[in-house]
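All chains should be modelled from the sequences, with the hints used to inform the complete structure.
Each chain is listed here by its residues.
There are 2 protein chains.
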Amino acid sequence: MVITSLENEKVKGLVKLQKKKYRDLEGRYVVEGDHLVLEAYKAGVVLELFILEGEGYSYDTSVTFVSYEVMKKITVMETVPRIVALCKKNDSGEILGRRILLLDELQDPGNLGTIIRSAVAFNIDTIILSENAVDLYNPKVLRATQGMYNYVNIIRMNSHDAIARLKDLEITVYGTNVSRGVDVRSLSSDAKTNFCLVMGNEGNGVRLDVQEMCDKNLYIKMNDNVESLNVGVACSILLYELS
Amino acid sequence: MVITSLENEKVKGLVKLQKKKYRDLEGRYVVEGDHLVLEAYKAGVVLELFILEGEGYSYDTSVTFVSYEVMKKITVMETVPRIVALCKKNDSGEILGRRILLLDELQDPGNLGTIIRSAVAFNIDTIILSENAVDLYNPKVLRATQGMYNYVNIIRMNSHDAIARLKDLEITVYGTNVSRGVDVRSLSSDAKTNFCLVMGNEGNGVRLDVQEMCDKNLYIKMNDNVESLNVGVACSILLYELS
Numbered sequence: 056m057v058i059t060s061l062e063n064e065k066v067k068g069l070v071k072l073q074k075k076k077y078r079d080l081e082g083r084y085v086v087e088g089d090h091l092v093l094e095a096y097k098a099g100v101v102l103e104l105f106i107l108e109g110e111g112y113s114y115d116t117s118v119t120f121v122s123y124e125v126m127k128k129i130t131v132m133e134t135v136p137r138i139v140a141l142c143k144k145n146d147s148g149e150i151l152g153r154r155i156l157l158l159d160e161l162q163d164p165g166n167l168g169t170i171i172r173s174a175v176a177f178n179i180d181t182i183i184l185s186e187n188a189v190d191l192y193n194p195k196v197l198r199a200t201q202g203m204y205n206y207v208n209i210i211r212m213n214s215h216d217a218i219a220r221l222k223d224l225e226i227t228v229y230g231t232n233v234s235r236g237v238d239v240r241s242l243s244s245d246a247k248t249n250f251c252l253v254m255g256n257e258g259n260g261v262r263l264d265v266q267e268m269c270d271k272n273l274y275i276k277m278n279d280n281v282e283s284l285n286v287g288v289a290c291s292i293l294l295y296e297l298s
Numbered sequence: 056m057v058i059t060s061l062e063n064e065k066v067k068g069l070v071k072l073q074k075k076k077y078r079d080l081e082g083r084y085v086v087e088g089d090h091l092v093l094e095a096y097k098a099g100v101v102l103e104l105f106i107l108e109g110e111g112y113s114y115d116t117s118v119t120f121v122s123y124e125v126m127k128k129i130t131v132m133e134t135v136p137r138i139v140a141l142c143k144k145n146d147s148g149e150i151l152g153r154r155i156l157l158l159d160e161l162q163d164p165g166n167l168g169t170i171i172r173s174a175v176a177f178n179i180d181t182i183i184l185s186e187n188a189v190d191l192y193n194p195k196v197l198r199a200t201q202g203m204y205n206y207v208n209i210i211r212m213n214s215h216d217a218i219a220r221l222k223d224l225e226i227t228v229y230g231t232n233v234s235r236g237v238d239v240r241s242l243s244s245d246a247k248t249n250f251c252l253v254m255g256n257e258g259n260g261v262r263l264d265v266q267e268m269c270d271k272n273l274y275i276k277m278n279d280n281v282e283s284l285n286v287g288v289a290c291s292i293l294l295y296e297l298s
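Same order as they appear, the protein sequences are chains A and B. Using this note's numbering, the first residue of the first sequence is number 56, and each one after it goes up by one. Using this note's numbering, the first residue of the second sequence is number 56, and each one after it goes up by one.
Check the hints yourself; a few may be wrong.
Identical copies look the same in the list; a pair holds intra-copy or inter-copy alike.
Once the Cα atoms are required to be at most 25 Å apart in a straight line, the calculated SDA-like pairs of lysine to any residue come out as [as the list claims (entries may be wrong)]:
no., residue 1, residue 2
1, LYS97, ASP146
2, LYS276, ARG198
3, LYS247, TYR274
4, LYS143, LEU224
5, LYS143, VAL281
6, LYS195, VAL131
7, LYS195, GLU282
8, LYS222, MET268
9, LYS276, GLY148
10, LYS276, ARG240
11, LYS75, SER298
12, LYS97, ASP270
13, LYS195, PRO164
14, LYS144, VAL237
15, LYS143, GLY111
16, LYS97, GLU81
17, LYS271, VAL101
18, LYS74, VAL228
19, LYS75, ASP279
20, LYS144, ASN278
21, LYS276, LEU151
22, LYS75, PRO194
23, LYS276, GLY152
24, LYS222, GLU186
25, LYS127, VAL101
26, LYS67, LEU102
I should point out that these hints are in silico values taken from the structure, not numbers from a laboratory.
Right, here's the structure in full:
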């Protein structure tokens, strides 16, 4: 049995999930292509696979075959994938571990994806996305993570509530400021086992009221001609230095 | 006198420069918006400014006013800028200094822009772009550099020729490989004064024959779950560590 109708209810359901509103409402999302599907499967978040008719995969889960036209309708990629997975969101709601990253109002999907990869590379336990940050389940974010979002606890929480909670947990909160504060190179190895790094928005950095809640500010020493680094780069260097 | 005709020769000349072919042919390019124009002006590469009629700027150089419709035609940005500058390219053709970055077949404009910012931040003397790397004067690259391309010597050269020249100059050439080689953290401070770091393409890394010409491979220690970092991030961390 192959779905060939664009009016099929399952197809319409998948297309809806291209919009954040429906992903939020249903707690579900879609990943596309071999690599992301494999990572989602390994993470146990796949609800159902949709495979192009004629393609062979050996996943042990619910599978539906679809025509090329249907796959083209479902996908947001330019190249039509051979497989997509309907997945369930996974938000523990809890700050786990003591190596934390808080992203305050980060907007660019590519930056978030890049940062998630770096956070996993440098052993972050929990990533907190502020309420207005870009949606983790945005297809561009998921692609840019290369599936790495499955390897770290990612939660959504208001930045102020998050910092209050971190203080209860006695986790040191590091703001980031281009010039003021402490050179990250001078941190002791003790400091690297119990921290939350706060990164801000692409254009404006960390919001002032959030900045004020931080225990210290970190900066990366660099040439005076440069006002700032790309936020994904700055965050990654700080995480590298804190690893 | 305000240019209002889309058929004006100057306007047609600027529009042509949206294409690499004409930028290469004429050795000229266009930058858009206050910040990039200011940086180009400070660098002394501006040939002529084109300003939206009614706007006031106090640059001491040749200025032409244009109508909104003309500016809309010239720009590649979504938001129509108030000012653009026609600039002359600046390729010294020479490897200057002893802290070098070679980008072998890098393709993404955003990545190149980000890397140029990081290279200036961490005091690189010369960036070598291989023949097939993305064009420096692509508007997306220029924007992503935030004008920083004016603060470093950037030349275009075949990777093999470049490495041969670097060897003549007795500059150590570091390839990059995800796992093989030397942990960048273990480099001595001597190693950081005389090097060329080679970064590769987004998908494939450094080409094998280029890799083979390198003296050593560097890697960044990270979690085993992560196959690779974003190339802009990896390059920036290595430059940071080499600074």
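To see whether the hints hold, each was checked on the structure:
For the identical chains of this complex, LYS97 and ASP146 are intra-copy neighbours only, at 17 Å inside a copy versus 49 Å across copies, given an alpha-carbon limit of 25 Å. With identical chains, the CA atoms of LYS276 and ARG198 are at most 25 Å apart between copies only, with a shortest distance of 23 Å across copies and 31 Å within one. When the C-alpha separation of LYS247 and TYR274 is checked against a cutoff of 25 Å, the pair qualifies both within a copy, at 15 Å, and between copies, at 21 Å. Taking the shortest Cα distances, LYS143 and LEU224 never come within 25 Å of each other, neither inside one copy (29 Å) nor across copies (57 Å).
Proximity of LYS143 and VAL281 under a CA criterion of 25 Å is satisfied inter-copy only: 23 Å between copies versus 42 Å inside one chain copy. Taking the shortest alpha-carbon separations for LYS195 and VAL131, both the intra-copy value of 9 Å and the inter-copy value of 23 Å come in at or below 25 Å. In this assembly of identical chains, LYS195 and GLU282 lie within 25 Å of each other by CA distance solely across copies; the values are 19 Å between and 28 Å within a copy. For the identical chains of this complex, LYS222 and MET268 are intra-copy neighbours only, at 10 Å inside a copy versus 52 Å across copies, given an alpha-carbon limit of 25 Å.
In this assembly of identical chains, LYS276 and GLY148 lie within 25 Å of each other by CA distance neither inside one copy nor across copies; the values are 35 Å within and 30 Å between. Taking CA atoms no more than 25 Å apart as the test, LYS276 paired with ARG240 passes in both settings, with 8 Å inside one copy and 17 Å between copies. Proximity of LYS75 and SER298 under a CA criterion of 25 Å is satisfied in neither setting, with 33 Å inside one chain copy and 42 Å between copies. Taking the shortest Cα distances, LYS97 and ASP270 never come within 25 Å of each other, neither inside one copy (38 Å) nor across copies (39 Å).
For a Cα distance limit of 25 Å, the shortest separation of LYS195 from PRO164 qualifies both inside one copy, at 6 Å, and across copies, at 17 Å. Taking the shortest Cα distances, LYS144 and VAL237 never come within 25 Å of each other, neither inside one copy (37 Å) nor across copies (39 Å). Taking identical chains as interchangeable, the C-alpha atoms of LYS143 and GLY111 lie at most 25 Å apart only when both belong to the same chain, with a minimum of 24 Å there against 55 Å between chains. Taking the closest pair of Cα atoms, LYS97 and GLU81 come within 25 Å of each other only inside a single copy of the chain (22 Å); across copies the shortest separation is 53 Å, beyond that limit.
When the C-alpha separation of LYS271 and VAL101 is checked against a cutoff of 25 Å, the pair qualifies neither within a copy, at 41 Å, nor between copies, at 42 Å. Taking the closest pair of Cα atoms, LYS74 and VAL228 never come within 25 Å of each other, the shortest separation being 34 Å inside a single copy and 47 Å across copies. In this assembly of identical chains, the alpha carbons of LYS75 and ASP279 never lie at most 25 Å apart, being 40 Å within a copy and 32 Å across copies at closest. In the homo-oligomer, the alpha carbons of LYS144 and ASN278 lie at most 25 Å apart only across protomers (24 Å), although the nearest pairing inside one protomer, at 42 Å, exceeds that limit.
For the identical chains of this complex, LYS276 and LEU151 are inter-copy neighbours only, at 23 Å across copies versus 30 Å inside a copy, given an alpha-carbon limit of 25 Å. Taking identical chains as interchangeable, the C-alpha atoms of LYS75 and PRO194 lie at most 25 Å apart only when both belong to the same chain, with a minimum of 10 Å there against 31 Å between chains. Only between protomers do LYS276 and GLY152 lie at most 25 Å apart by alpha-carbon distance; the minimum there is 21 Å, versus 28 Å within a single protomer. Taking the closest pair of Cα atoms, LYS222 and GLU186 come within 25 Å of each other only inside a single copy of the chain (19 Å); across copies the shortest separation is 52 Å, beyond that limit.
Within a single copy, LYS127 and VAL101 get their C-alpha atoms as close as 20 Å, which meets the 25 Å cut-off; across copies the closest is 47 Å, which misses it. In this assembly of identical chains, the alpha carbons of LYS67 and LEU102 lie at most 25 Å apart only when taken from the same copy (16 Å versus 55 Å across copies).
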